[in-house]
Amino acid sequence: MTRQTLLGLGFLSPALLAVMMFFLLPVVLTVVFAFTNMSTSTGILGGEYQISESDLRRLPAVGVGEDAVALLAGAGYAVQPETLAQFAAEFGEDRAAELDKLHGGAKFDDQRAMERALKELRRNPLRKVRDRKTAADLFRVSILGQRFATRDDFALAITDLGVPERDRLALTEAAYTGWTFTTQNFELLWELPATWRYALNSVIYVVLTLAFNVGFGLFLALSTFYLPSRTAQTFRAIWFLPRILPPVLYVLMWQWLTWDQGFISAMLRPFGFEPINWMRHTATHAWTFIVLINGCVGASLGMILFSSSLRAIPETQLFAAQVDGANRWQQVRHVLLPQMRWPILFITSYQTLSLLTSFEYILLATDGGPGRQTEVWALAAYHTALSNYGGNLEYGLGAAYALALVIIGILLSALYLRFFKFSELVAKPRIEQ
Amino acid sequence: MKKMTSALALIAATAAAPVLAEDITITVWAGGSNDSDHYRIDNIRIAADMLSREAAIRGEELNITVEGKRDFDGWDGFKQAVTLGAEAGNAPNIVVTSHLDIAPWASAGYIVPVEDYVDLDAWPLNNVYGNLMEIAAFDGMQWGVPQDAESRPFFYWKETFAALGYSEADMDAMSARVEAGEYTLRDMLADARKAVDMGLVEKGYGFYPRVSNGPDYAQFYQSFGGELTDPETGKLLFDRTAMTEMYQFFVDAVDAGVTRRNHIGTEWDQWYSEVANGKAAFWHGGTWHYGRYTGKEGNEDFFGTVGFTLIPAGNDAGRANTVTHPLVYLLTDQEDDRAEEIAAQLVAIASEPRLNTLHAIKSSHLAIGKAEAGLDLYSGDRWAAEATEVLLPHANAQPNHPNYGAFSEAMFKGLEAAWTGVQTPEEAVAEVEAQLTATLGDELIVR
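Going line by line, the protein sequences match chains A and B.
Just so we're aligned: 413 in our numbering is position 413 of the first sequence, and the numbers increase by one with no gaps anywhere.
Just so we're aligned: 380 in our numbering is position 380 of the second sequence, and the numbers increase by one with no gaps anywhere.
If you are wondering where the hints come from, they were derived from the structure by calculation, not from laboratory data.
None of the values given here were measured: they were computed from a predicted structure.
By construction, the Cβ of each residue, glycine as well, lies at the ideal position given by its N, Cα and C atoms.
There may be inaccurate statements among the hints.
Unchecked claim - Distance condition first, Cα-Cα at most 30 Å in a straight line; then the derived DSSO-like pairs of lysine-lysine:
id: 1; chain 1: B; residue 1: K158; chain 2: A; residue 2: K128
id: 2; chain 1: A; residue 1: K133; chain 2: B; residue 2: K370
id: 3; chain 1: A; residue 1: K119; chain 2: B; residue 2: K362
id: 4; chain 1: A; residue 1: K128; chain 2: A; residue 2: K107
id: 5; chain 1: B; residue 1: K203; chain 2: B; residue 2: K158
id: 6; chain 1: B; residue 1: K279; chain 2: B; residue 2: K362
id: 7; chain 1: B; residue 1: K203; chain 2: B; residue 2: K296
id: 8; chain 1: A; residue 1: K107; chain 2: B; residue 2: K235
id: 9; chain 1: A; residue 1: K107; chain 2: A; residue 2: K119
id: 10; chain 1: B; residue 1: K296; chain 2: B; residue 2: K279
id: 11; chain 1: A; residue 1: K133; chain 2: A; residue 2: K107
id: 12; chain 1: B; residue 1: K362; chain 2: B; residue 2: K158
What the hints assert, rightly or not - Which stretches of chain A does chain B cover? Using the computed rule of at least three CB atoms under 8 Å from a CB of chain B, they are:
id: 13; segment: 123-137
id: 14; segment: 143-156
id: 15; segment: 278-284
id: 16; segment: 351-362
id: 17; segment: 369-379
Said to hold, decoys possible - Facing chain B, from chain A, some residues (calculated, C-beta under 10 Å):
id: 18; residue: T42
id: 19; residue: F181
id: 20; residue: T183
id: 21; residue: E187
id: 22; residue: L393
Modelling step: build the complete structure from the supplied sequences, incorporating the hints.
Structure (structure tokens):
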């Protein structure tokens, strides 16, 4: 490797690092997460080993023998010679003797009951809560509800308990609280009827919004192109506002415009229209406003790009067309539009990809309603992975949703590149060959 | 003799060595809390003061700094902050959250059981209602301590009710009639329709339910005979008939013009202002709504304008009911065991009747323990006293099951689909059933 190459790489390295961290890593993680059953319950960084009460009834189904389950299910605390000996070592022989007299051979279901028994010591009572907790722990014979940090600790504990060799592997696997690799997310996506509805919603959303975006952006660019430049700039600045407004504020203004007591209802009331929530009344209402909300944001970007590329077209061509007697429409149709192919390609592909994954305006406007009819794929991914009133977020399933988007995005990009002959755009100009 | 010497040496050492000061910082994060809920954090501060004083009497110096935070971006933001903090090893010591988080967080190892540090049989925890303690337990362990109690009543606007032909005596008897199952949701629907037809309320305002998913909808499932879990196995229970009838009830309400088809997703601010000022005939909410109606919404005569009952039964199979959804104090797993112990002691002290009453009355919640009724602040508050009497004895909670969240979301999605007319109740129920069977597998019993 020459010094120049190294120097080049050296200069690039911060950018490369950023690309790795912020572009590649999220995609890789999405792929990994999509093949796991990760959720709030499993945690993210791995799990521990624990058999809890509710696990007991699940065990036979995963191949743990009945006798092993019976061993695990036994009472949690026992006053027996071994445990008493431990107690005597820590808290004195007198106390152990008294407890033996009071509860020798007794079994207790839970810690609370054990502590109650310990409270009965009279001669030399365990006065402090902390001591009673420590003492109660010495009588624990069951591993139910105990967490073991490593596989080995757990293996040791079940061996001590006398779980037969043949059940140990299945039991250890069932006891793991962390996530495991699985393909069930994809099976689930395939099976659930809702998935197909979300896919269809996404198609509706992307196609309609894209048509609005590109069409309206182009219209704005062309209409301001023929205006005096100062006026044109003012108009463009106004149309650019939706993009620079914070989304929450921008959507809030749409909410005010559309709700039952909002602007539209108030304006239409004198004409005998019932006040309705214009954004959420039916699915059609919701889609119309979602397309408008997103479209206005997207159109402003298109407008800026189209405007600048219109200016790059030599004015002389327009003069020539005028001399030939072309009117404005003919100029647009035959002179301007044919030269706008690349910017239109760029905006179309860029917007398709960003619309596929964007859901924030829908989240703020309708949150997928009414009746999940505007729940698009990306929003479903968000709801699954990051929003659940009951508290158990399904990261794995959410990632599977997201992974589907990544794949569709890559396929679509390839398709666009072929369709619009991107290779011609980046080809070397003939003049330089 | 040897014992004696060592004891003496110990005393000498303790006396001679300067008292070592112990400085500890306890962070408390409270989810879903607004301004009137500040005692969720302040009570921990008061408890810290108490604990330091107790330590001082024992001759120890214990300085506890309590740092509180309750401005989160909704429940989602709060839960993400807690879980990601726990993963990163810097979770707050104490969290105030829904009891439904216990199951997933316990299984992920984010929280530690409170029973490992405090005596549940001692004051003040032995004063907390047994059924509430039960709600903060999971898998045979006591994970948390209830921070407040509430319940979710059914409300009606008295003026509208009177115009429908009910007398003052009828209204007094309402809660008893609802409890006995003599006045059902179907009767309510008929009355609501009458109210709309008579022009007492606008179309769509006869019955004005909650605008988003929440424990409230589990109540209607119970009204039609649904049970959330199977008591024998602890598995979640999906009752096809009850679910269909519940969906059908909301569809009928829409068809009768008493509830808006696009009601779900209405702005909360709009909703509060409408129900607090008599725009709706019937609605349902929570005991904490009292504070909002009489405060921000300016209803100065709550008891003269609003009547409340249990959520009526829907049919013979169901029962009048109400769900309580207490928030709980939970302790997170920390590197430092001492921090967990102090946090647990603070939570116990904050559950003292006097302290909890401060929160209950300030935020229009209900008492967590028996002794609070004996305090003047509590018994002198008409709302707290009446709501405790009418609602709390009949309150049940949603189950602490790791998959209950998925169950509740699916149930609501199906309801929304039927409500907005996208699917018939039967179709919606079939889809929810298919989804739940696929996702929950063995953890679900379909009946």
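- request: Answer holds if the nearest beta-carbon of chain B is closer than 10 Å to that of T42 (chain A); otherwise answer violated.
  value: holds (6 Å)
- prompt: Straight-line Cα separation of K362 (chain B) and K158 (chain B) no greater than 30 Å?
  reply: holds (26 Å)
field: Pair hint outcome, K158 (chain B) versus K128 (chain A) [Cα-Cα no greater than 30 Å]
entry: Since the Cα atoms of K158 (chain B) and K128 (chain A) sit roughly 55 Å apart, the hinted pair is violated (cutoff 30 Å).
- request: Verify the coverage statement for the segment 278-284 of chain A against chain B, using a C-beta to C-beta distance below 8 Å and requiring 3 or more qualifying residues.
  value: holds (count 4)
field: Hint consistency between K203 (chain B) and K158 (chain B) [alpha-carbon to alpha-carbon, up to 30 Å]
entry: holds (18 Å)
task: Examine the segment 369-379 of chain A for residues whose CB is less than 8 Å from any CB of chain B, and state whether their number is three or more.
output: holds (count 5)
- prompt: Given the hinted pair K119 (chain A) and K362 (chain B), is their alpha-carbon gap at most 30 Å?
  reply: violated (38 Å)
- request: So, L393 (chain A) near chain B? Judge it on the closest CB pair being under 10 Å.
  value: holds (7 Å)
query: Under the criterion that the straight-line Cα-Cα distance not exceed 30 Å, is the pair K279 (chain B), K362 (chain B) satisfied?
result: Since the Cα atoms of K279 (chain B) and K362 (chain B) sit roughly 27 Å apart, the hinted pair holds (cutoff 30 Å).
- prompt: Holds or violated: are the alpha carbons of K133 (chain A) and K370 (chain B) at most 30 Å from each other?
  reply: holds (27 Å)
message: Check the hint pairing K133 (chain A) with K107 (chain A) against an upper bound of 30 Å on the C-alpha distance.
response: OK: K133 (chain A) and K107 (chain A) at ~17 Å, within 30 Å.
- prompt: When you check the alpha-carbon spacing of K203 (chain B) and K296 (chain B), does it fall within 30 Å?
  reply: Holds, at about 26 Å.
Of the numbered hints given earlier, the model fails hints 1, 3, 16, 19 and 20; all others are met.
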